[in-house]
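**Q** So you can see what is in the structure, the chains are spelled out below.
2 protein chains.
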Amino acid sequence: MLILAPISSIIALLFAGYLVYRIMKFSPGDENMVKIQRAIQEGASSYIKRQYSVIAIFFAAIFVLLLFLSKKGYLPIFVPFAFLTGGFFSALAGFIGMKVATEANVRTTNAARVSLNKGLGVAFSSGSVMGLTVVGLGLLDLSAWYYFLEYWYTHTHILWFTHTDIILDVGRRIQQITATMLTFEMGASLMALFARVGGGIYTKAADVGADLVGKVEAGIPEDDLRNPAVIADNVGDNVGDVAGMGADLYESYVGSIVATMVLAVAGGFGLKGVMIPLLMASVGVIASIAGTFFVKTKEKAEQGELLSALRRGIFVSAILVAAASFFIIKTLLPGNIGVYWAVIVGLLAGLIIGFSTEFFTSAKYAPTRSIADSSLSGGAPVMISGISVGMFSTAIPVLTIGAAILASYFLASAGCAEAVKFNAGLYGVGIAAVGMLSTLGITLATDAYGPVADNAGGIAEMSHQAPIVRERTDALDSLGNTTAATGKGFAIGSAALTALALIAAFKDEIHHLGTELSVSLLNPYVLVGLFIGAMLPFFFASLTMKAVSRAAQSIVTEVRRQFREIKGLMEGRTSPDYASCVTICTKAAQKEMIVPSLIAIASPIVVGLLLGPESIIGLLSGALASGFVLAIFMANSGGAWDNAKKYVERGAHGGKNSPAHKALVMGDTVGDPFKDTSGPSLNILIKLMSMVSVVFASFILAHSLIK
Amino acid sequence: MLILAPISSIIALLFAGYLVYRIMKFSPGDENMVKIQRAIQEGASSYIKRQYSVIAIFFAAIFVLLLFLSKKGYLPIFVPFAFLTGGFFSALAGFIGMKVATEANVRTTNAARVSLNKGLGVAFSSGSVMGLTVVGLGLLDLSAWYYFLEYWYTHTHILWFTHTDIILDVGRRIQQITATMLTFEMGASLMALFARVGGGIYTKAADVGADLVGKVEAGIPEDDLRNPAVIADNVGDNVGDVAGMGADLYESYVGSIVATMVLAVAGGFGLKGVMIPLLMASVGVIASIAGTFFVKTKEKAEQGELLSALRRGIFVSAILVAAASFFIIKTLLPGNIGVYWAVIVGLLAGLIIGFSTEFFTSAKYAPTRSIADSSLSGGAPVMISGISVGMFSTAIPVLTIGAAILASYFLASAGCAEAVKFNAGLYGVGIAAVGMLSTLGITLATDAYGPVADNAGGIAEMSHQAPIVRERTDALDSLGNTTAATGKGFAIGSAALTALALIAAFKDEIHHLGTELSVSLLNPYVLVGLFIGAMLPFFFASLTMKAVSRAAQSIVTEVRRQFREIKGLMEGRTSPDYASCVTICTKAAQKEMIVPSLIAIASPIVVGLLLGPESIIGLLSGALASGFVLAIFMANSGGAWDNAKKYVERGAHGGKNSPAHKALVMGDTVGDPFKDTSGPSLNILIKLMSMVSVVFASFILAHSLIK
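Top line first, the protein sequences correspond to chains A and B.
All residue numbers for the first sequence refer to this note's numbering, where the first residue is 97 and numbers rise by one.
All residue numbers for the second sequence refer to this note's numbering, where the first residue is 97 and numbers rise by one.
Note that these hints are calculated values from the structure, not bench results.
Hints may contain errors.
[Stated by the list, open to error] Keeping only pairs whose Cα atoms sit at most 30 angstroms apart, straight-line, the calculated DSBU-like set for lysine-lysine is: (1) Lys145/A <-> Lys803/A; (2) Lys517/B <-> Lys803/A; (3) Lys742/A <-> Lys392/A; (4) Lys311/A <-> Lys742/B; (5) Lys311/A <-> Lys311/B; (6) Lys517/A <-> Lys803/B.
[Claimed, not checked] Each pair of labels, with its calculated beta carbon distance range: (7) Ala314/A <-> Ala157/B: 55 to 63 angstroms; (8) Arg657/B <-> Pro755/A: 15 to 23 angstroms; (9) Ser671/A <-> Arg669/B: 43 to 51 angstroms; (10) Ala462/A <-> Phe422/B: 56 to 64 angstroms; (11) Gly511/A <-> His799/B: 48 to 56 angstroms; (12) Ala156/A <-> Arg746/B: 44 to 52 angstroms; (13) Pro755/A <-> Arg134/B: 47 to 55 angstroms; (14) Ile662/A <-> Ile662/B: 50 to 58 angstroms; (15) Ala314/A <-> His560/B: 22 to 30 angstroms; (16) Asn753/B <-> Arg134/A: 29 to 37 angstroms; (17) Ala156/A <-> Ile695/B: 49 to 57 angstroms; (18) Leu98/B <-> Gly511/A: 32 to 40 angstroms; (19) Ala675/A <-> Ile662/B: 55 to 63 angstroms; (20) Pro755/A <-> Ile662/B: 49 to 57 angstroms.
[What the hints assert, rightly or not] Partial list, derived from the structure: chain B residues whose beta carbon lies under 10 angstroms from chain A: (21) Ala135; (22) Ile448; (23) Ala643.
We put the beta carbon where it would ideally sit given N, CA and C, even for glycine.
Work out the full structure: start from the sequences and follow the hints.
**A** See below:
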């Protein structure tokens, strides 16, 4: 039955390949358009090349460290290699998505010259390539490692480099396999953090820098070729919102599956429990492909119809997954049908969070309208109301996830033996996360097409298309904002559930090492860990915000310099030096992504060594609780500011260039790093910290100052 | 020996009375100044009158509820009465401080006409009255209740209204006494929350409203009599920063002492352990009075010398307390001298947090300078860098409190029996908080004189004094900002420690009710409680920020209306209608303070009833961890924006009215509710939630859906 996993992953990749072929068949438009597209593509490629070489050094260093720990007997033999491949495939998923996006952007512009619907077709195909590549590669890697490790541990007894010959029973063997696969996920996670933080800094530095001087000071429109940072800004969409998001969601997807697999044995569900998340993901891939065929609409569709077309695709996939999961679980775990209900809980929770995000960030509803209204009193009220809306919006997701945790925990552990009840419950929580992400193939497609549409709009503007083209790409972009809200809901919600499963996996790993942790909240080490953990997301967000601010500052200085020194620029007689802004962003992103990433890796190890393994549970729980809330706050504040600005741009409160609009442009500028740099990295931070803890558990246990 | 407590409290109150007499002897200046002062005083009194009548209804309702629970046998007989008196005295401390401040403000202006030093004298005396009233009333009430309950429980056996005749052993008797006193603290805490939230909304609505229209739109200076909101703004300083802060610190002071007393018996330190915090507070009062005599400087002092004069007073008091505590603890607990070291840990932690706060919020250091620098690029970079500095600044306080928790825990519990080790350790944590707050008499004086100086500056401006007068009051005000940083460090740090002791008190209360809680972080109820708890401070901050924003909006509308409709106003030929702005603020504050306060009271009861008492420990820990970090972030961002603005006003980056200054005025406007409304209420929120949990513990245990 497990053969379904590689098969469906290959189907996904083939279908993605077919979509790429279809996209490439579209004409990229006239020479001018192609010139702009080439500039964007080159900027993106040079960034990616540079970033991957910096990251390669990091990965090499950690690989050597893991190799050393493996040689010392702290880690199974394949851990260092799993780590490398995880990073490689996460990067590959982002890279492919970005490559396709930088081909699809200009083709979307060109297609939008014909009709809105044609534009949607190209952009959505590009998003689907991303979605299917992520799930296809994820599932392929997972099943390849699984088959390989299963074979290895069945046919050899080599566990460590030191050739300790231990004969493993089935339970311990699967535990060993899943533990190695967790390191695979750690590599993916570290890569995702780099991609999110680096890409996020790049895109927002360029965006903020371009807006501050271009829109606010010089008063030229967005995406104006006279702005020296305009190419960097469009490159940013691709490296941040596409490559960054791809790596991020690859990590989320693989993470939820692996974390659940790890808990299957501890929860008493055995090999069948290990197979379930893989099988659910497999049917999810097929369901996603099926769903894309429902994203069709008549030629002259309204925007509302487009949205329901996208939604129809998602719902069809979700229903298919829900139906297929029932048969999978009924067959494999006939005595634990509660596990199936955990899937439904996960799907529902994702939907509720998605709707809540939409409610708080769409200009159709009161919260975002209230921000738009406050702009009549100036910039400070915009800031206060935006922050207030973001903080307020944390309640529903937290209560939903709380309810989902309790429901999936008790549904999955009902009828289980007392000894495994806890792990069985957490397995249920993991299954809820897998359920939430099983349709990622299509939800990511609706999410990843947004930046393509955004870029298409930029190209339309820069190549001086008829206003109708820009209007169409804007409609696509704004539609993308709405669907992205649902996508973010899934990402944030699943992260909280996955992180919880990973914390349980850490406890389980320590248990396998022969120690039982007392993680009472009244244990002072746990408490202090909790405090430090609750602080880290704030500290991390501070570093990434500061990085954006510093890099944007360099862009501001550079753009001002060019405006001042290049004669005839404002009159459009000469061209600015786009490459210098691209270089500044690229360098800044590489430099600034290092410290935050080091903190994510080092903090659990340092805290564990100084305050003992029990404090790590406190640390991870604290980081999860405060990071989850902070992530929602930042994402929703940013989204609401963005849409309040767009709402005024459509004519409310004086429309474009009114004082109200200026105040909201400022809100949006602050919201940019909130929602696209700091906020989305927090999910990865939490999971990476958890995975580092699991991977280094035996080392920490052996060397901690506090036993 | 315990007689020291009432004696020193009476000394404090007498000394405060003497200071009031001295302040009143100063001349309030000319008729014009007195007229302005009267307007401020009347505004403040009418606010207080109105607020106290709203709060009285609340207290009456909760009193009836507690009476009912007491009759049903859930609570000891005196709990409802203790609750009332706690609220009453907290309100009284704030009221006295406010009354004196509204007399001292004009006298400070008048004294500043003579010299800076004279101005300092009056303002600092007013601050000292506040400091000594808070500690004097606090200590008086605590010892009165203690003596009364001790007598009652020794001589009668009446525990509940239902006259259950139980003969109590010493341990259980003291437990009963301290539990009742905790309700006293719950009353103080609820009052403090109302005062902080209501006052905070009032002061910031007036401030933001006055600035938005006056400074930003109309371009008239701060404290200009042409601004209709100017009186409301000056009233706000008194009702928010004075009355609000007084009630707040009364609550912190009493809370740390009571929480420590509660844990004394459970920690195995018996009656002597109960006496220690009271005795430390008593010597702290005397040490504070002694310290005030060191706040002297030569007539023509520099600002730096003034600051060291204030600091000298604080250090002298701290050293006296450290020395006296040694003898107290050596005498009462000769076998547990570690408890003494917990005092030192508390004092040191308070100092470190104070210095850290100063570093991140003073324009002398890089962080605030970086915010000032970012103002050259406009409003959005000011916002991003301010938020980033605030989030960054959370690291040192969290690590310091973490270290202080571990140190005081292990110092105090060293050598204790295993059974009481946990409570003994938490007793040590409580003692650290008491140590931190023992010199509150003088630290609060250096804190509370700031708003008096602020008001004095306003009166100087409005009564058209020579520029030198305003310069002097500005110097005093800015000095006050620096000392306030230390004061805030003590308040935030002690809140974290006290809240921890209160969480332990909750567990102990449940233990006395015959149930042992399993509060493992891997218990799903605990975890969900943790999530909800981590969310609540964000939600609460959102409500209070939104309230400020809404109320400020009404002020903006009103001020704009007056500017438009009252002819000759801008030319200074006619007077605006100040009373209408005062009324708007007063009404808004009453209306907006209710929902946040209800959430604080209701959340632990609702969560406890739905998810069981174990989830309450999660809820409280989550709220503590995230609330502590959020409070530091908001307070420090706000402080840094304020001082960055003042730094530019002193001439940097183009000085007043430059674009950089405008950007920073906006930052300061956002920072106002951060640092004076939402941030400081979070400390009270956390403690109030903990106390409600303890008081309602037996009710929750009996009626919870989850056992």
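**Q** Which numbered hints does this structure break?
**A** The structure conflicts with hints 1, 9, 11, 13, 15, 16, 18, 20, 21 and 22, although it agrees with all the remaining ones.
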